[in-house]
Amino acid sequence: SAVISQKPSRDICQRGTSLTIQCQVDSQVTMMFWYRQQPGQSLTLIATANQGSEATYESGFVIDKFPISRPNLTFSTLTVSNMSPEDSSIYLCSALAGGPLEQYFGPGTRLTVT
Amino acid sequence: RKEVEQDPGPFNVPEGATVAFNCTYSNSASQSFFWYRQDCRKEPKLLMSVYSSGNEDGRFTAQLNRASQYISLLIRDSKLSDSATYLCVVRSNNDMRFGAGTRLTVKP
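Protein sequences appear in the order of chains A and B.
Quick note on our numbering: the first sequence kicks off at 214 and runs consecutively.
Quick note on our numbering: the second sequence kicks off at 18 and runs consecutively.
Keep in mind the hints are simulated off the structure, nothing from the lab.
Note that CB positions come from ideal geometry on N, CA and C, so glycine has one too.
Wrong hints could be hidden among the right ones.
Unchecked claim - To give an idea of the chain A side of the interface with chain B (calculated C-beta under 8 Å), a few residues:
1) Ser302
2) Leu305
3) Gly312
4) Glu315
5) Phe318
6) Gly319
7) Leu324
With the rest of the complex left out, here is chain B:
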């Protein structure tokens, strides 16, 4: 079993749609959780951290369920510029583990 597993995608959605990505992790001792965004031929960049109580940043909402070892990212009112690969990242101490990523394409 992979340490971090994500929806394989790709997700192709129209502008304005709401889309949700899921991620599960196997290490119950994991301490920190993140969503990164990676544009084509670019390096990954931090989108948002995921807090235990869930957190929102504009159109983006992240949720964490420690009991189920599950993380989610919800994007509302999708924009063309949201097209990218979204990476789920789980950290235990200083050991960061990346999911394989979910590709999102937002179409006009």
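With the rest of the complex left out, here is chain A:
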């Protein structure tokens, strides 16, 4: 299994600013992901965080808006840039771990943009 922590757990930010969310896994994992979940909605995959290379973004998400770092096999960051109220959401870090592979989630970061 994997235990995933995220920081911050929540934040209220002003329009136009940026926020970086940190994700730490308690073991080395090959695959890490970032999701967004709007209230009452399911999860939407933002990108796959690749260790040592650029993240792979899903349709509708771009690197300039959501830059991602993955410096090693246990850590990743997601930055939400130039925020607008539409970015208010829960952002979840996830990792594939275990054998067979299972997907684990961090507790999420609740972001409110005013």
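With chain A fixed as given, assemble chain B onto it according to the hints.
Relative to chain A, chain B alone:
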């Protein structure tokens, strides 16, 4: 068509009832299937994997029909603590796709 579709819910059932959730998926190359549970304001957590032969874990039974691209979850003897949103998840290689979830409320 969505890649993973679930019963919209919500399901409101009395304690002790049996309830079933359905899920269909569009990618015939999907390899692995799961049910996740998400409590309000919490992250999703794996409830159970779904195996080709069907599998049971206590009061929970999962079934897979590859020909119809259909997955189900049956909960017997519902408990108040089963109240949550249940997410159907389908994986192809390392690409995980989530359904929109079905909300279950078990009432006393």
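Practice item. Quick one: which hint numbers does this structure break? Sort them smallest to largest. Key: Hints 1, 3 and 7 are the ones this structure does not satisfy, whereas the remaining hints hold.
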